[in-house]
Amino acid sequence: MRDNWIEPLVGAVVLLGAGVFLTYLLVAGDAQPAQDGYRLTARFGQVGGLREGDDVRVAGVKVGRVERIALQPDTYLAVAELEVAPQTRLPLDSTARVTSDGLLGGAHVAIEPGADTAMLKAGGEIENTQGAVDLFGLIGQFINKPATAGEPAT
Amino acid sequence: MQQVVLAPFTLIGRLVIGVCAIVGALSLFVGRTVFACFTPRWHGGQIVRQAVSIGFLSLPVVGLTAVFTGAALALNIYTGGGRFNAEQIVPQIVALGITRELAPVLVALMLSGRVATTIAAEIGAMRATEQIDAMRTLSTDPFRFLVAPRVLAGVATLPLLTGVADIVGIGGGWLVSTLSLGFNPETYARSTVSFLEAWDVQSGLIKAAVFGFIVTAMGAFHGYRATGGARGVGHAATQAMVWSGVLIFATDFLLTSWFTRT
Amino acid sequence: MSEAAPELEWRGVRKVLGGRAVLDGLDLSLATGRSLVIIGGSGQGKSVTLKLALGLMRPDAGSVLFGGRPLPGLFNRRQSALYRQSGVLFQGSALFDSLRIWEVVAFRLLHADNRPRARARDAAVEALAQVQLGPEVADLFPSELSGGMQKRVGLARAIVGAPRILFFDEPTTGLDPVTAASISRLIADQVTRLGCTAVTITHDLVSARTIADDIALLDGGRIAWQGGRADLDATTDPRVRSMVEASLPPR
Numbered sequence: 001m002r003d004n005w006i007e008p009l010v011g012a013v014v015l016l017g018a019g020v021f022l023t024y025l026l027v028a029g030d031a032q033p034a035q036d037g038y039r040l041t042a043r044f045g046q047v048g049g050l051r052e053g054d055d056v057r058v059a060g061v062k063v064g065r066v067e068r069i070a071l072q073p074d075t076y077l078a079v080a081e082l083e084v085a086p087q088t089r090l091p092l093d094s095t096a097r098v099t100s101d102g103l104l105g106g107a108h109v110a111i112e113p114g115a116d117t118a119m120l121k122a123g124g125e126i127e128n129t130q131g132a133v134d135l136f137g138l139i140g141q142f143i144n145k146p147a148t149a150g151e152p153a154t
Numbered sequence: 155m156q157q158v159v160l161a162p163f164t165l166i167g168r169l170v171i172g173v174c175a176i177v178g179a180l181s182l183f184v185g186r187t188v189f190a191c192f193t194p195r196w197h198g199g200q201i202v203r204q205a206v207s208i209g210f211l212s213l214p215v216v217g218l219t220a221v222f223t224g225a226a227l228a229l230n231i232y233t234g235g236g237r238f239n240a241e242q243i244v245p246q247i248v249a250l251g252i253t254r255e256l257a258p259v260l261v262a263l264m265l266s267g268r269v270a271t272t273i274a275a276e277i278g279a280m281r282a283t284e285q286i287d288a289m290r291t292l293s294t295d296p297f298r299f300l301v302a303p304r305v306l307a308g309v310a311t312l313p314l315l316t317g318v319a320d321i322v323g324i325g326g327g328w329l330v331s332t333l334s335l336g337f338n339p340e341t342y343a344r345s346t347v348s349f350l351e352a353w354d355v356q357s358g359l360i361k362a363a364v365f366g367f368i369v370t371a372m373g374a375f376h377g378y379r380a381t382g383g384a385r386g387v388g389h390a391a392t393q394a395m396v397w398s399g400v401l402i403f404a405t406d407f408l409l410t411s412w413f414t415r416t
Numbered sequence: 417m418s419e420a421a422p423e424l425e426w427r428g429v430r431k432v433l434g435g436r437a438v439l440d441g442l443d444l445s446l447a448t449g450r451s452l453v454i455i456g457g458s459g460q461g462k463s464v465t466l467k468l469a470l471g472l473m474r475p476d477a478g479s480v481l482f483g484g485r486p487l488p489g490l491f492n493r494r495q496s497a498l499y500r501q502s503g504v505l506f507q508g509s510a511l512f513d514s515l516r517i518w519e520v521v522a523f524r525l526l527h528a529d530n531r532p533r534a535r536a537r538d539a540a541v542e543a544l545a546q547v548q549l550g551p552e553v554a555d556l557f558p559s560e561l562s563g564g565m566q567k568r569v570g571l572a573r574a575i576v577g578a579p580r581i582l583f584f585d586e587p588t589t590g591l592d593p594v595t596a597a598s599i600s601r602l603i604a605d606q607v608t609r610l611g612c613t614a615v616t617i618t619h620d621l622v623s624a625r626t627i628a629d630d631i632a633l634l635d636g637g638r639i640a641w642q643g644g645r646a647d648l649d650a651t652t653d654p655r656v657r658s659m660v661e662a663s664l665p666p667r
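Residue numbers (my numbering), protein chains in the order written: chain F, 1 to 154; chain S, 155 to 416; chain E, 417 to 667.
No lab work stands behind these hints, which were simulated from the structure alone.
Please note that the accuracy of each hint is not assured.
[Unchecked claim] Every beta carbon over 10 Å from chain S, so not counted as near; a handful from chain E, in silico:
id	residue
1	D443
2	L472
3	G483
4	R485
5	V504
6	G508
7	D538
8	F557
9	G590
10	P593
11	S598
12	A604
[Said to hold, decoys possible] To list a few chain E residues with every Cβ distance to chain S over 10 Å, as calculated:
id	residue
13	S445
14	A534
15	G563
16	L621
[Stated by the list, open to error] Just so you have them, the derived chain F footprint on chain S, three or more residues with Cβ under 8 Å:
id	stretch
17	294-304
18	312-323
By construction, the Cβ of each residue, glycine as well, lies at the ideal position given by its N, Cα and C atoms.
This is chain F alone, in the form it adopts within the complex (with noise of 0.2 Å):
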């Protein structure tokens, strides 16, 4: 056709350049598979604005991830069940909380790890959890009726 190599060329580089970044990103973006991990599950009363897939971190460092958030029908718990890094050995009496970086998003479920000597297994349960706060509804609180007495505490 034309003698114009330069735009096909340039063209192919950019297709290259798409191809290696999208390589990229799913192999970093799925950097920690699923079977490595074990599993645990925790129950929070309210789950916030945590989604599958959010970070679970101890001291801030991630270690695992949230695979599924489902509902509990009879108590009306959030189930989350936990993969976390098999190097990473949880005692049996941590604390799972739901808490977030900031504002928006961010959510994420911290361990506070225990002092028990005996450690959780793949498939146990952390028993200790503290659900996410409604900052929003604290914060309504706080505005909308500091006189309130008869309200229960959070």
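Here the structure of chain F is known, so what remains is to put chains S and E in place on it, guided by the hints.
What follows is chains S and E alone, placed relative to chain F:
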């Protein structure tokens, strides 16, 4: 005196008639184009040729547009997010903004500059030099040989280009975030992948296909209507770009409001 | 074919363009195998007459008959069948500038008749030889040829399918006198060789004398004068006379 009184009405009347005429002509044109796209015969060679010229040769401009847009978007979201301690939301919003909105719209706009004008000029020049008439007398329907291959190629390649722009745009955001905003490259990638839903990408690609039709059909429509030699061809190219640009934004709004309806 | 059915006939044709009746009651017919040249000044409706015969325009009144039947109109299958029997040389040649010369010449064979490329190319090269162009031009693009050569390529494209009827739209416009004469010669030769009916519109009387069996003068939207080639110099019709005199070399 009577003329002065009637002047505004004459003007409005002329305007309305003009709009009706062009809408009518456009509907007729689109109808014939769609008919030519879906019924034999198809000129395969032309479709491939146009797909290369519309799709592959647009990659450089699409790539550049996307990488800079992604980078600028990341910077803006970082600053904006900083106002309420939500800087870490950059990857998610960049991914969402690029896939749902910016990649399809920007690709379509760049192509209305690159492709719609070219099509309008090509077909306009062919009209002016009687090549379209010549084609008819050679038993070949110009709608099948000229218009349909361009429109089909546009509808097929714009989603592909948008897919590339999605990746490159997110790449632009990733680059600037990791190089100058202190994001961890892998965390950024992970946030993007785990946040994006299939529909974010799919809706963008659907938009792109519709824009592909708009861009190519507008180019062909204005080229086909071109009259009056070189000046007419220039006018057709300008009109093609303006019309496709405006229609892209309008359609984008309509499609977005339809897609985001809950 | 009976005497009653001329190859091509304009019957009471009227066409209004931009509020002006360009053609008004045009009656003209042409017998099989004859070469008719329509002459006339610019703006007298010559192009419109041709476009109507090609079915690229529709008359506002009256009809154009091809082989005794009215033209079916552009989007009709029968029209495209009619086009298979005709060849057209356009004023500006109207070659497809993104295609190679042989693809231009073989356009109908390639895109309407589904002829294999190698055979279409052979046919194109043969047609090019008929218009005295060598096979070396086959792979060039139209923009690489001179105006006279482009005209020849246009002629090759018109004759490639051995048509029944040929149309020539101002075949010598924009060419120098020598090239114009050779194009006229070629046209006359090809029409004779193919034995087909031909319609030419032109304002070039030199060319008209070379090509024509019959000549018709179009003036005021209708045929003002009609006669054989030899009658051109004999007639006393003032409109013909003024055209003839204008075409003579100045002394």
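Within 8 Å of chain F's CB atoms, at least three CB atoms from the stretch 294-304 of chain S: coverage verdict:
Coverage by chain F is violated here, the residue count being 0 at a Cβ distance below 8 Å.
Run the C-beta distances from A604(E) to all of chain S and say if the shortest one exceeds 10 Å.
Non-interface label on A604(E) holds, nearest chain S Cβ at 21 Å vs cutoff 10 Å.
Does the no-contact call for G563(E) survive, Cβ to all of chain S over 10 Å?
Non-interface label stands for G563(E): nearest chain S Cβ at 13 Å, farther than 10 Å.
Interface-negative label, G508(E) against chain S, beta-carbon threshold 10 Å
G508(E) not clear of chain S: closest Cβ-Cβ about 5 Å, inside 10 Å.
Minimum Cβ-Cβ distance from V504(E) to chain S exceeds 10 Å:
Answer for V504(E): violated, closest chain S Cβ roughly 5 Å.
Least C-beta distance between A534(E) and chain S, which was stated to exceed 10 Å
15 Å, holds
Status of F557(E), Cβ more than 10 Å from any chain S Cβ:
14 Å, holds
So S598(E) supposedly isn't at the interface. Is its beta-carbon more than 10 Å from every beta-carbon in chain S?
Consistent with the label, S598(E) stays out of reach of chain S, its closest Cβ about 22 Å off (over 10 Å).
With d taken as the least Cβ-Cβ distance between L621(E) and chain S, does d exceed 10 Å?
Fine: 24 Å to the nearest Cβ keeps L621(E) off the interface.
Assertion that D538(E) lies farther than 10 Å from chain S (Cβ)
18 Å, holds
Holds or violated: is the Cβ of L472(E) farther than 10 Å from all Cβ atoms of chain S?
5 Å, violated
Beyond 10 Å from every chain S Cβ - status for P593(E):
24 Å, holds
In summary, the structure is inconsistent with hints 2, 5, 6 and 17 from the numbered list given earlier, while agreeing with the others.
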